[in-house]
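Turn these sequences into a full structure, and let the hints steer you where they fit.
There are 2 protein chains.
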Amino acid sequence: MQENNLYNITHTTTVVETLKELLTVSNYSSLFVLVDENTKQHCLPIIQTSLPPAVIIIKTKSGESNKNIESATYIWKQLTEREADRHSLLINLGGGLLSDLGGFSASCFMRGIDFVTIPTTLLSQVDASVGGKQAVNLLGLKNQIGVFRSAHHVLIDPVFLKTLPSEQILSGFAEMLKHGLIQDETHFRQLQEIGISDHQLISDEVFGNLIQQSVAIKKQIVRADPYEKGIRKALNFGHTFGHAFESFFNSSGKNITHGHAVALGMICESFLSNKKTNFPLHDLLSLVAFFTTHYPLRKIHRQDYDTLIEWMTHDKKNKSKQINISILEKIGKVKINQIVNNGDIIEALDFYMQLYQ
Amino acid sequence: MQENNLYNITHTTTVVETLKELLTVSNYSSLFVLVDENTKQHCLPIIQTSLPPAVIIIKTKSGESNKNIESATYIWKQLTEREADRHSLLINLGGGLLSDLGGFSASCFMRGIDFVTIPTTLLSQVDASVGGKQAVNLLGLKNQIGVFRSAHHVLIDPVFLKTLPSEQILSGFAEMLKHGLIQDETHFRQLQEIGISDHQLISDEVFGNLIQQSVAIKKQIVRADPYEKGIRKALNFGHTFGHAFESFFNSSGKNITHGHAVALGMICESFLSNKKTNFPLHDLLSLVAFFTTHYPLRKIHRQDYDTLIEWMTHDKKNKSKQINISILEKIGKVKINQIVNNGDIIEALDFYMQLYQ
Numbered sequence: 005m006q007e008n009n010l011y012n013i014t015h016t017t018t019v020v021e022t023l024k025e026l027l028t029v030s031n032y033s034s035l036f037v038l039v040d041e042n043t044k045q046h047c048l049p050i051i052q053t054s055l056p057p058a059v060i061i062i063k064t065k066s067g068e069s070n071k072n073i074e075s076a077t078y079i080w081k082q083l084t085e086r087e088a089d090r091h092s093l094l095i096n097l098g099g100g101l102l103s104d105l106g107g108f109s110a111s112c113f114m115r116g117i118d119f120v121t122i123p124t125t126l127l128s129q130v131d132a133s134v135g136g137k138q139a140v141n142l143l144g145l146k147n148q149i150g151v152f153r154s155a156h157h158v159l160i161d162p163v164f165l166k167t168l169p170s171e172q173i174l175s176g177f178a179e180m181l182k183h184g185l186i187q188d189e190t191h192f193r194q195l196q197e198i199g200i201s202d203h204q205l206i207s208d209e210v211f212g213n214l215i216q217q218s219v220a221i222k223k224q225i226v227r228a229d230p231y232e233k234g235i236r237k238a239l240n241f242g243h244t245f246g247h248a249f250e251s252f253f254n255s256s257g258k259n260i261t262h263g264h265a266v267a268l269g270m271i272c273e274s275f276l277s278n279k280k281t282n283f284p285l286h287d288l289l290s291l292v293a294f295f296t297t298h299y300p301l302r303k304i305h306r307q308d309y310d311t312l313i314e315w316m317t318h319d320k321k322n323k324s325k326q327i328n329i330s331i332l333e334k335i336g337k338v339k340i341n342q343i344v345n346n347g348d349i350i351e352a353l354d355f356y357m358q359l360y361q
Numbered sequence: 005m006q007e008n009n010l011y012n013i014t015h016t017t018t019v020v021e022t023l024k025e026l027l028t029v030s031n032y033s034s035l036f037v038l039v040d041e042n043t044k045q046h047c048l049p050i051i052q053t054s055l056p057p058a059v060i061i062i063k064t065k066s067g068e069s070n071k072n073i074e075s076a077t078y079i080w081k082q083l084t085e086r087e088a089d090r091h092s093l094l095i096n097l098g099g100g101l102l103s104d105l106g107g108f109s110a111s112c113f114m115r116g117i118d119f120v121t122i123p124t125t126l127l128s129q130v131d132a133s134v135g136g137k138q139a140v141n142l143l144g145l146k147n148q149i150g151v152f153r154s155a156h157h158v159l160i161d162p163v164f165l166k167t168l169p170s171e172q173i174l175s176g177f178a179e180m181l182k183h184g185l186i187q188d189e190t191h192f193r194q195l196q197e198i199g200i201s202d203h204q205l206i207s208d209e210v211f212g213n214l215i216q217q218s219v220a221i222k223k224q225i226v227r228a229d230p231y232e233k234g235i236r237k238a239l240n241f242g243h244t245f246g247h248a249f250e251s252f253f254n255s256s257g258k259n260i261t262h263g264h265a266v267a268l269g270m271i272c273e274s275f276l277s278n279k280k281t282n283f284p285l286h287d288l289l290s291l292v293a294f295f296t297t298h299y300p301l302r303k304i305h306r307q308d309y310d311t312l313i314e315w316m317t318h319d320k321k322n323k324s325k326q327i328n329i330s331i332l333e334k335i336g337k338v339k340i341n342q343i344v345n346n347g348d349i350i351e352a353l354d355f356y357m358q359l360y361q
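Protein sequences appear in the order of chains A and B. Quick note: the first sequence uses my numbering, first residue 5, plus one each step. Quick note: the second sequence uses my numbering, first residue 5, plus one each step.
Hint data in this document are derived by calculation from the structure and do not stem from the laboratory. Treat each hint with caution, since some may be false.
Since the list gives no way to pick one copy over another, a pair counts as held whenever it fits inside one copy or between any two copies.
Cross-link-like lysine-lysine pairs, in silico, DSSO-like; alpha carbons within 30 Å at most [as the list claims (entries may be wrong)]: (1) K334 with K44; (2) K325 with K44; (3) K223 with K303; (4) K325 with K81; (5) K233 with K223; (6) K334 with K63; (7) K233 with K166; (8) K81 with K280; (9) K65 with K320; (10) K63 with K81; (11) K166 with K63.
In structure tokens:
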């Protein structure tokens, strides 16, 4: 993936020292930190003492609707006007949205400058931080414009999770569950046992270990297939329906977190797993029970089906307009490149609707 | 350079057959051709019979001022609305501006789709087509936003040069001269002998061979250093002053071609070569005589120096605001990473001004 290192991820509980050391051994001509209004308030103070006085802060706005080419252009103009050069460094301090936007901006600025990602949400620690996918949205389509390029370094520290609202923790937890479901039953069972009803009760050490395991699973898959030609598609389990739910609810003003939408997507795609493979019915039912406990079902109507299907047909995994999903053969084992037709999708949505009727 | 092949360049005199064959053996889900108003009129008819009926034409505008993020966004929206997917192909039919814009757009669409470049100007055949630099301008700065990514295939056919005005031929010729000057004295002497007073008089075969030689020089340099960490900077000979001249004249409405500006830049940087190394005075004088015959000097004034220096300080090769240029030790041999200060630049501009006084 370009000349960068895909796997330069440090798990730490002393991010200030780790960052200070990294900046000391490097020789950047200037240093920029990208924040949004939340991370400026809650996270920048945490790392402030690692930063040299000449650091330049660029502020962007939080919110999925700001993850677009206009925000990237704003960052490019800021970097230009503040005289960044090819040897400057951009530190992305924020969640997945900010790190995708900042990663894309750094990757295209003067054809690519180094960037360091410090993910501050659970979702970005276990998902967005690893894999080198940088992107912004276009025309409401998620990550339509982007590149594959890895952060020069990723620093993961649970300290940033302390101030997160529990819906943000749940959002990241859904991706961790997914990692277990597609690749590692033990990881899934551990997560299932812990649940996540109150993450403040889980010790930093236990939480840090679970994060590290989850990241390791993703890393292993991405390493095997960095450009998503094959097995990396496994990571899309739950995401074909999940992205459609996310776009659908967010565009109608009923905001939903990414992980919550993916959890609902995993319900539908587990149903299709049972329909298309030997994925056992009792596993399907137990997954549904577990997911619905943590991720309340959101109401859809029959007349929404066309809209949802329309979102799915724009999925980047598709080829020649056929909808292509990843499903489970069993817990811990995935099957990619499964073509589903409109009938399958309607059945899955019917199944989903029955759950709350 | 991602998973693409840097060196997939075909020199042909039967572009219709070559393209048809390429499309037959590939398996793209849909096919787009990017043109501007000129190539739509003059070049699209030439390749039309190689294209399947379902091809979709995207039209962009010619002109450096349209090589920007807004034009890229227009292309991304067109691709999205016309249902391009990851397995679609974009063919860029045009000069360097169009192929840079199209290459950047394809490289970021869904994190990168394949693109084929068919350069239709001499400049793009010998320069932009090889090396995998894709970019657009920002805030008047050339190629400020971009990526390194190579075309899936480049098809070079002199047939497209037939209808070009001679100033366009001269523009490409300047880059060919540069290739000779930095790397291959024989190539330079051949070009010098042929001159280019009337390119219609040069046979297709001779011209095709010279193009092939020039491309081979660039390929060799890029292969050695794809990301411009070292020797690839040699290709920037003439370009620090050249880009400044280009931005300066174009922004004041006195349009100048890229090659013409680079030729004037090579005059200044040859002067600095003589000042900073043992580059012989008689070579400097003979280069000046040759360049000024083909590339008329454009008037600048002392009060323009600050503006020109300001453009140079934004050059991407710089580090920590120091201006870094490539100079000649002798004809066919280059020296990179030469720091020049304001005094050097002023001396070079004074030398340039004396030439027409």
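Each hint, compared with the structure:
Within a single copy, K334 and K44 get their C-alpha atoms no closer than 43 Å, and across copies no closer than 54 Å, so neither meets the 30 Å cut-off. Within a single copy, K325 and K44 get their C-alpha atoms only as close as 42 Å, which misses the 30 Å cut-off; across copies the closest is 29 Å, which meets it. Taking the closest pair of Cα atoms, K223 and K303 never come within 30 Å of each other, the shortest separation being 35 Å inside a single copy and 58 Å across copies. Proximity of K325 to K81 under the C-alpha cut-off of 30 Å is restricted to the inter-copy arrangement: shortest distance 17 Å between copies versus 37 Å within a copy.
Taking the shortest alpha-carbon separations for K233 and K223, both the intra-copy value of 16 Å and the inter-copy value of 28 Å come in at or below 30 Å. Proximity of K334 to K63 under the C-alpha cut-off of 30 Å is found in neither arrangement, the shortest distances being 44 Å within a copy and 49 Å between copies. For a Cα distance limit of 30 Å, the shortest separation of K233 from K166 qualifies neither inside one copy, at 37 Å, nor across copies, at 42 Å. In this assembly of identical chains, the alpha carbons of K81 and K280 never lie at most 30 Å apart, being 50 Å within a copy and 35 Å across copies at closest.
In the homo-oligomer, the alpha carbons of K65 and K320 lie at most 30 Å apart both inside one protomer (26 Å) and across protomers (28 Å), since each shortest distance falls under that limit. In this homomeric assembly, K63 and K81 come within 30 Å of each other (Cα to Cα) both inside a single copy, at 12 Å, and across copies, at 27 Å. When the C-alpha separation of K166 and K63 is checked against a cutoff of 30 Å, the pair qualifies only within one copy, where the shortest distance is 22 Å, while the shortest distance between copies is 51 Å.
Taken one by one, the earlier hints fail for this structure at numbers 1, 3, 6, 7 and 8, listed in ascending order.
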